[in-house]
Each structure stands twice: as C-alpha cells, then as structure tokens.
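S.K.: So you can see what is in the structure, the chains are spelled out below.
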Amino acid sequence: MPEVLLDVRNLQICYETSRGCVRAVDGVSLEVYRGETFCLVGETGCGKSTLALAIPRLLPPNARLLNGEIIFKGKNLLTASEIELQKIRGREIAMIFQNPMTSLNPVHRVGFQVAEVPATHFRISWREALVTAVKQLGRVGIPDPDLRSRDYPHTFSGGMKQRSMIAMMTICKPSLLIADEPTTALDVTIQAQILKLLHELKIEYGLTLLLITHNFGIVAEVCDRVGVMYAGKIVEVADVREIFESPQHPYTKGLIECVVARRKSKSRLNQIPGAPPSLLSPPSGCRFHPRCTYVTHKCLSEEPRLVGVREGHLVACHNHERVR
Amino acid sequence: MVTELLIVRDLKKYFEFRKGFFTKTQYVRAVDGVSFSVERGTTLGVVGESGSGKTTLGLTVLRLIEPTSGDIVFNGSNVMHLNRKELKNFRRSTGIVFQDPYSSLNPRMRVKEILERPLKIHTEDDSETRLEKIVKTLEEVGLSSEHLMRYPHELSGGQQQRVAIARAIILRPLLVVLDEPTSSLDVSVQAQILNLLLELQSRHELTYIFITHDLLTAKHVSDFIMVMYLGKVVEYSTTQEVFGNPRHPYTVSLLSSVPMPDPKLRGRKRVEVVGEPPSPLNPPKGCRYHPRCPYATEVCRVKEPELLEFSKKHFVACHRVGELSFDEFLRDVSSFLSE
Numbered sequence: 001m002p003e004v005l006l007d008v009r010n011l012q013i014c015y016e017t018s019r020g021c022v023r024a025v026d027g028v029s030l031e032v033y034r035g036e037t038f039c040l041v042g043e044t045g046c047g048k049s050t051l052a053l054a055i056p057r058l059l060p061p062n063a064r065l066l067n068g069e070i071i072f073k074g075k076n077l078l079t080a081s082e083i084e085l086q087k088i089r090g091r092e093i094a095m096i097f098q099n100p101m102t103s104l105n106p107v108h109r110v111g112f113q114v115a116e117v118p119a120t121h122f123r124i125s126w127r128e129a130l131v132t133a134v135k136q137l138g139r140v141g142i143p144d145p146d147l148r149s150r151d152y153p154h155t156f157s158g159g160m161k162q163r164s165m166i167a168m169m170t171i172c173k174p175s176l177l178i179a180d181e182p183t184t185a186l187d188v189t190i191q192a193q194i195l196k197l198l199h200e201l202k203i204e205y206g207l208t209l210l211l212i213t214h215n216f217g218i219v220a221e222v223c224d225r226v227g228v229m230y231a232g233k234i235v236e237v238a239d240v241r242e243i244f245e246s247p248q249h250p251y252t253k254g255l256i257e258c259v260v261a262r263r264k265s266k267s268r269l270n271q272i273p274g275a276p277p278s279l280l281s282p283p284s285g286c287r288f289h290p291r292c293t294y295v296t297h298k299c300l301s302e303e304p305r306l307v308g309v310r311e312g313h314l315v316a317c318h319n320h321e322r323v324r
Numbered sequence: 001m002v003t004e005l006l007i008v009r010d011l012k013k014y015f016e017f018r019k020g021f022f023t024k025t026q027y028v029r030a031v032d033g034v035s036f037s038v039e040r041g042t043t044l045g046v047v048g049e050s051g052s053g054k055t056t057l058g059l060t061v062l063r064l065i066e067p068t069s070g071d072i073v074f075n076g077s078n079v080m081h082l083n084r085k086e087l088k089n090f091r092r093s094t095g096i097v098f099q100d101p102y103s104s105l106n107p108r109m110r111v112k113e114i115l116e117r118p119l120k121i122h123t124e125d126d127s128e129t130r131l132e133k134i135v136k137t138l139e140e141v142g143l144s145s146e147h148l149m150r151y152p153h154e155l156s157g158g159q160q161q162r163v164a165i166a167r168a169i170i171l172r173p174l175l176v177v178l179d180e181p182t183s184s185l186d187v188s189v190q191a192q193i194l195n196l197l198l199e200l201q202s203r204h205e206l207t208y209i210f211i212t213h214d215l216l217t218a219k220h221v222s223d224f225i226m227v228m229y230l231g232k233v234v235e236y237s238t239t240q241e242v243f244g245n246p247r248h249p250y251t252v253s254l255l256s257s258v259p260m261p262d263p264k265l266r267g268r269k270r271v272e273v274v275g276e277p278p279s280p281l282n283p284p285k286g287c288r289y290h291p292r293c294p295y296a297t298e299v300c301r302v303k304e305p306e307l308l309e310f311s312k313k314h315f316v317a318c319h320r321v322g323e324l325s326f327d328e329f330l331r332d333v334s335s336f337l338s339e
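Chains as they are written, first to last, in my numbering: chain R, 1 to 324; chain A, 1 to 339.
Pulled out of the complex, with its shape left as it was, chain R reads as follows:
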C-alpha cells in the first residue's frame, strides 16, 4: 500500500459574495500518494483551483472553510498556526500558478526572488542563497543563469518566467508541488518543454505532483491517477488508463468523447448539452443530472456518493453500471 502524503477529508469551502454563499468545494475527499502525479481535471468554476489554494491555506479573505480536514504528513493544516504554515509553504508544499506574469514580483530581480525562498527557510547567508538560486535557475533551463538572475521579470518570455517560478518553487525540494494550470498560458512547444522539466524534477527530487488542468491531453501524458471534478464535487477517481479506457461517470465519458482527436474529420462530436451550473444554486440531487443522458428519477432527488467500483476506481453516479 503506497504511503498517503496528502489526505483531504470532506472539505467544504464557500466564498461569501453579495449574492450569497458560493460553495466552490462541497464535500471533497481525496488521497494523494507519495511520489505520484495526481491530476485534478475539470471545467472552469468546478472548484479545482479553490481546492488547490486551500491546501497551503492561501485562500482569499472572502473564502470560508466550513468543514473538513487537510492532513499533510499526519498534520491537519486547517488547524495549524500561521507560524507553522509559514514553515511549510515553500519548504514542504510549493505552488505554481497559471499566469507566470502575475506570480513574479515586477520590481525585484529574478535571482533575488528565487534566493528569498532558501534564505527564509534555511540558516544560510544571503550570498549562499543567491548562489543556490543561480544554480537552480540553471537547472530549470535558463541560459546564462548568472547573468539572467540579475534581470527583471519583464525581460523574460512567458516560458522563461514559468521556468523561474519552477526554480523558485523547487529550490527547497518540497515534498508536494501543486501546479495549477502551469502551461495554459504557453505555446505548445514550450508547454511540452515545461511538462518534461516538471517530470524530470519530480524524479530527481522525489516530488509528489498535484497537477490541475482542463486538458485531457496533459492528463494522458503525465498523470498516474486522475480525479474529475464537477460543480464543487469529485465525481470520479481512477488510474489514468482506467479513466481513458473505461470511464464510469457520464461526465468523464462525455469529456473524453469531446476531445476531437478521436473523431473522424468533420464528423459530429459527441457533446455534453448545456453549460456547467452556477454554484450559487446548484441542481438538486446529482449536480450533473440536467446535462446527463443516463438520468433517472433517483438522480433528481438523491445525491450519489463516491463509491468504489473496482480497486482504486471511485465513482459518484447512481447509474454507473449503465455507462458504456
């Protein structure tokens, strides 16, 4: 049995807005094993980024943690003090965001920003921290790291900025690296380079990677296990091959069939009708029922629970046996 590094239990988070409480994450439980790459897949507004932000406790002020536990290495992060959290962030749990332009500080040199991380977490001099920073920038593929570390972020291209972020976030060799759509803002050739780099670093440092994406191509290329989210809930968890070969939830199946690569040119794609629901007033019962082709009476009133259908394959659907 693999060791559980991160254990999220029945997590509920809502955002307080002028129009009411938006339940962005509504009763999510999941386990991430040490050394694996776990992918969270879902569409805009399904709560995947909120879940990711909640792990290192980086939620915005209007977010409220209603319920649940986030257990990382045996410690509940939701009850940890701010001082404890500061020791964990960047050192144990690191995070990379979608837009590298907004995650780097424009008024500080790149080398300075990277060096801040080891300078904060280890008892080393600033000079030593800078040397490590330059070394790490070189490791992630920044050419002439010594020279470029003295430049400001705006002189870097999108790919270079994302590399710098990766350098910053891996310099302390954290146990868990959370990457929220790390390549969405980048071109395909750069995307391939960044994914390869993340994979190399994962093996070199023994990282556990929690990758958030909406792209099933990326899921297929890099993940070990996949969790599919819909409207604040996890609807399916399985091994990556299982997900592609025999998806059990109608939503997962629909998403995979939407992907154009499997279709003959110009043929009609299988589409999921409608759009994801508003989380202000989610549908009753199963949240996917208004868009589902397998819907029955039970789905309208009763919320399906996440149950195991096979070893390591969990599904939240009343009718999963009928999904082919």
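You may find that some hints are simply not true.
DEER-style ranges, computed between Cβ atoms [to be verified]:
(1) A:K269 x R:G308: 35 to 43 Å
(2) A:R172 x R:T184: 34 to 42 Å
(3) A:T23 x R:T102: 26 to 34 Å
(4) R:R305 x A:K264: 30 to 38 Å
(5) R:D151 x A:E323: 37 to 45 Å
(6) A:K264 x R:E311: 19 to 27 Å
(7) A:L308 x R:R150: 39 to 47 Å
(8) A:T297 x R:T102: 39 to 47 Å
(9) A:K264 x R:V307: 24 to 32 Å
Over the 12 Å line for every Cβ pair with chain R, so calculated as not near, a few chain A residues [said to hold, decoys possible]:
(10) I114
(11) D126
(12) S127
Hints are computed from structural coordinates only; laboratory data are not their basis. Using N, Cα and C, we set each Cβ at its ideal position, and we do this for glycine too.
Take the given structure of chain R and dock chain A to it, following the hints.
M.R.: Structure of chain A alone, referenced to chain R:
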C-alpha cells in the same frame, strides 16, 4: 466557374516599430509574403504559435487592417483596389468571429441590437423583417427569442460565442474568418461550438479560414492546413497530407509537442524543439526556424528556403525536404490521428 473564392498572393503586413525618437524605424514582419487560395465551401486551417502572424493574416485578408503589399482576390475582384462602396459590399460578404466573445460584444447593447446592427447598415429591411431574421439566426445558432433582450454579461461564454457567430453569419456571408473561436471556452462547450460551425458551413456553403493554435481542432474542421512560423508559411497542403505525411521539421515538432489524449502514446518518440520562438522584430537569417531545428545545416543558416511544391498540392519551405524522414516519430501518432 471559378472554384476559388479567395486567392491571396504575396501578402505582406509590416508594423512600424520605433524605440526612441532618433533610432531607425524597424519593422515587425507579422505577415511576410504569404500566398494561398481557398476553395468555395471549404475550410483552410491556419496553425501556428503566438507571434506567427496568423491573427494578423486573418485581419489583413478582410482588410480590417491595411496590408503593406500583396493581392487579395475575393470572388473574382481584387480587394486591394475597391472604392468605398465596393468595400462596403465586400464587408457584407465576409464575417469574423474572435477568440474572446465577451470582449467582442458591446456590453451596453442587448443581443437584439448587436444582431440588428449589420442588418441596419447593409440592408433596407424594415424593423419587422429584421426581427424575423434575427430570431431565425438566433435559432440557427442554438439560442432562442428569449435571449433577444439579454445583455452579453447575462450569457455564458458558450452563449456569447453563439451570439458572435450569429452576428458574423446574419448577412449570409461567403467567407468567415474564425480566429480561435473555441480557445477561451470550456472543453464540453468547445465541442458544441465546433459542431455548430460545421453544421452552419454545410447548410450555407460557408467558406472558413479557421485560425487556431490547437492542431487537433484544426485537423477536425479543416480541408487544408497552412502552418505558419514567424510570418512565413512553412507547410501548406490538404489536412490528410499535413497530418499523415508532414514534411517540415516544425510541423513534425508541433505534432510531437501536442499532448495526445491517450495514455498509450506516452512513451512515443518525439522531435524536441529547443528554445523559444525568436522575436519577430529581429527574425533569424536564413531559414527562420534554423536556431530551433534539430536538422539545421549550414545552408539553413544563410539561405532562406522557398515554399516549393514537394509533391502534388503539398508545399514545404525547407532545404532538406527530400532527405528527411519522420516516419519513426509519426507511426504512433498518425494511426491515432487517422482513427
């Protein structure tokens, strides 16, 4: 009968760029000598990374920005020499859909007003006929008369894009430029919009120029594919040829880079691209792709390759086109793509 709806010859668009008052004016060669033609009722997919000039090409072809030089022949007449009245007519028979639907719809106008605009400008219809046409078009794009009085912010991203498509087709144009129409949408909604676009095309015999960075989407909708790199066409042929038998190293590396939605293809052989696209302000000499190309030789550094016909209707701009074989990289991918 001419089957080509649009013929573009040696189209160039240079943007002026000046750093300081006394420095020499430089030019960004966004589109640098592009030639192609599009047959009536077909789709040309334009593929490239950011900075390849694909969006500029789309805008220039419609004369929404003025080309620096070149010829655009649309439906038998040269668009470059139109007077005001003729240009208005040309506008009527072309349409465009942009990437971000929200920023391409006026937030102060209701859906009805947005769709009424083109009818008011280009037709003599009275308000009743206009309304009739608007409702009919809305239904065609999968909306209904209940959306007439909505403002764009009251619609979802997919619905906004449907309104933008309705606006582009309401005058029954011949040519529609689609500039990344699905890139900002969710996966499940992308499929809906692609289905809609294909349906409208077959119903109204529309001709599309489909601009995208997503190779798989381009493959799905296009009859012809044009691959662009830094303002130049590097490969241009039918979709089957470009995906089944690509000949330019850049096309192959794009195909290698695209994450394929099948875990079985994970360990496949790839052509890896090194580095990042150079600045279009100062493109490399010789072949513009040579600094990133794993197959570059001496000649690629000095001489710019011409776009030549490699086999029938398959154009490639590469010095080494005859010698290179990419079979080992394509075996797995192409069986997947031709599924």
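S.K.: For each hint, tell me whether it holds in the structure or not.
M.R.: Taking the hints in turn, this is what the structure says about them:
Separated by about 37 Å at the C-beta atoms, K269 of chain A and G308 of chain R satisfy the suggested range of 35 to 43 Å. The supplied range of 34 to 42 Å is met by R172 of chain A and T184 of chain R, whose beta-carbon atoms lie about 36 Å from each other. Between T23 of chain A and T102 of chain R the beta carbons are some 31 Å apart, a value that agrees with the proposed interval 26 to 34 Å. Range check, R305 of chain R to K264 of chain A: Cβ separation about 32 Å, and the 30 to 38 Å hint holds.
The given range of 37 to 45 Å is respected by D151 of chain R and E323 of chain A, whose C-beta atoms sit roughly 40 Å from each other. Between K264 of chain A and E311 of chain R the C-beta distance comes to about 21 Å, which sits within the given range of 19 to 27 Å. Evaluation of the 39 to 47 Å hint for L308 of chain A and R150 of chain R yields a pass: the beta carbon distance comes to about 46 Å. As the Cβ distance of T297 of chain A to T102 of chain R is approximately 42 Å, the hint placing it in 39 to 47 Å holds.
Taking the beta carbon of each, K264 of chain A and V307 of chain R are about 28 Å apart, inside 24 to 32 Å as hinted. Every beta carbon of chain R lies more than 12 Å from that of I114 of chain A, the smallest distance being close to 20 Å; the non-interface claim holds. Against chain R, the non-interface label of D126 of chain A holds: every CB pair exceeds 12 Å, the least being about 35 Å. Taking the minimum C-beta to C-beta distance to chain R, about 31 Å, the non-interface status of S127 of chain A holds against the 12 Å cut.
When each numbered hint is compared with the structure, no violation occurs for any of them.
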